[in-house]
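Asks: Take the sequences, apply the hints, and build the full model.
Each protein sequence line maps, in turn, to chains A and B. Our numbering puts the first residue of the first sequence at 1, with every later residue one more than the last. Our numbering puts the first residue of the second sequence at 1001, with every later residue one more than the last.
Check each hint, because a few of them may be wrong.
Listing some non-contacts, in silico: residues in chain A with all C-beta distances to chain B over 12 Å [as the list claims (entries may be wrong)]:
#1 Glu53
#2 Asp160
#3 Leu191
#4 Trp210
For lysine-lysine, the following DSS-like pairs were computed, each having C-alpha atoms within a straight-line distance of at most 27 Å [unchecked claim]:
#5 A:Lys10 with B:Lys1182
#6 A:Lys182 with B:Lys1199
#7 A:Lys182 with B:Lys1182
#8 A:Lys199 with B:Lys1199
#9 A:Lys76 with B:Lys1182
#10 B:Lys1182 with A:Lys199
To be clear, the hints were calculated from the coordinates, so they are not data collected in a lab. Please read all numbers here as calculations on a predicted model, not as lab measurements. The beta carbon of each residue, even a glycine, is placed where N, CA and C say it ideally should be.
Number of protein chains: 2
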Amino acid sequence: MSTRIEVAEKILSANDKLADTVRQKFDTAGVFAINIMASPGAGKTTFIIKLLETLRGRLRMGVIEGDLASSIDADKAAAAGLPAVQINTGGECHLDAVMVDGALHRLSLENLDLVIIENVGNLVCPINFKIGSHLNLLIASIPEGDDKPYKYPGAYRGVDALVISKIDLLPYVPFNMDYFQKGVEILNPDLETFHLSAKTGEGMDICADWLVNKVNFWKSNL
Amino acid sequence: MSTRIEVAEKILSANDKLADTVRQKFDTAGVFAINIMASPGAGKTTFIIKLLETLRGRLRMGVIEGDLASSIDADKAAAAGLPAVQINTGGECHLDAVMVDGALHRLSLENLDLVIIENVGNLVCPINFKIGSHLNLLIASIPEGDDKPYKYPGAYRGVDALVISKIDLLPYVPFNMDYFQKGVEILNPDLETFHLSAKTGEGMDICADWLVNKVNFWKSNL
Chain A
1 MSTRIEVAEK ILSANDKLAD TVRQKFDTAG VFAINIMASP GAGKTTFIIK LLETLRGRLR
61 MGVIEGDLAS SIDADKAAAA GLPAVQINTG GECHLDAVMV DGALHRLSLE NLDLVIIENV
121 GNLVCPINFK IGSHLNLLIA SIPEGDDKPY KYPGAYRGVD ALVISKIDLL PYVPFNMDYF
181 QKGVEILNPD LETFHLSAKT GEGMDICADW LVNKVNFWKS NL
Chain B
1001 MSTRIEVAEK ILSANDKLAD TVRQKFDTAG VFAINIMASP GAGKTTFIIK LLETLRGRLR
1061 MGVIEGDLAS SIDADKAAAA GLPAVQINTG GECHLDAVMV DGALHRLSLE NLDLVIIENV
1121 GNLVCPINFK IGSHLNLLIA SIPEGDDKPY KYPGAYRGVD ALVISKIDLL PYVPFNMDYF
1181 QKGVEILNPD LETFHLSAKT GEGMDICADW LVNKVNFWKS NL
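Replies: This is the structure we're talking about:
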């Protein structure tokens, strides 16, 4: 097992170094990068497309879509008018800095303010791999249930913002918001949290306003 | 990268050997073992508990719950009257044969016909690690969306049965069943498939009847 751990540490260390380089490329271009993580089917792509609509005219947005296979998400994003690049990881359960670095030249960063990187749907592996983002955002969807912070603590501990999505489904599934939020608070007490439905649009404005402020503040400090 | 692949292959090969030993232990005890895999929040535990109710008097069932952290699922199962063992994987994104082997002595196999092993919620990593089960079952929940077979082909290719869960949510979310099933058929043409809601109970009988037949047929051939 020690060989396994040593190899894993070497991979992580090499990845983190390249992630710094990727972040510098974003910095140089004046582009804010967000790493979105979630379970499969939590609504990452739907959130991103709704965000595009809500941000229109305020931030110029592009997207890097990470999936094991298919170009479904990049096709959806492109159809919505987003500059979009698809990464297929093959068997890998997460994006890494090499993959994102390789995708950068396929986006015209000089025309963008914000790049959203949609990670592979997985609540475990993506957390351990930096990809050069300025902000890590977790999406938790209502039908997944209220116990996820307790079961996947690393995902909740390792992010800067949380979107609770699909709140339009609250009447139809058992979900105790107090229990959920108590779990989140133990792991990440000051986590910026948004309640929204990308389907109905409820709560999207508040999240988009926060993001515009975040990006503009970051740009003013470059 | 070659070192990484070599180490990974060694780990998988050692795991597969131990998985054979675990399966022999189940065989010797006359216990049929099912490995349940799914995204986080697809309803694995709710399905297992509803299955217990539906099977009562027909099969004696026990459960091994796999999670990164917490004993929430084992507690729920035990409260429902199931002999239950919790495995916490720490940071690991899947169960492996070592973990399951270590849990076996905590179940009284001689009193059971069926052990359900609930894997960590993850559509990627668990597929690569055998754990000694006789049957691999995937749960896909309706709110995850209809594109999952296309995005996580390994999960659909690597299983013997599929439960499409939370069908009570079909009226409230966009889900094209034809598109979903077309994706499944490409990957796994003869996959045994069940449509059900563990919440309302719809479809549970058919799945439970199939399972009773499956276990009894297996036992008669031991």
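Asks: Take the hints in turn and mark each one as holding or not.
Replies: Quick rundown of the hints versus the structure:
no., hint, result
1, Glu53, "holds, 17 Å"
2, Asp160, "holds, 20 Å"
3, Leu191, "holds, 18 Å"
4, Trp210, "holds, 26 Å"
5, A:Lys10 with B:Lys1182, "violated, 41 Å"
6, A:Lys182 with B:Lys1199, "holds, 25 Å"
7, A:Lys182 with B:Lys1182, "violated, 41 Å"
8, A:Lys199 with B:Lys1199, "holds, 24 Å"
9, A:Lys76 with B:Lys1182, "holds, 19 Å"
10, B:Lys1182 with A:Lys199, "holds, 25 Å"
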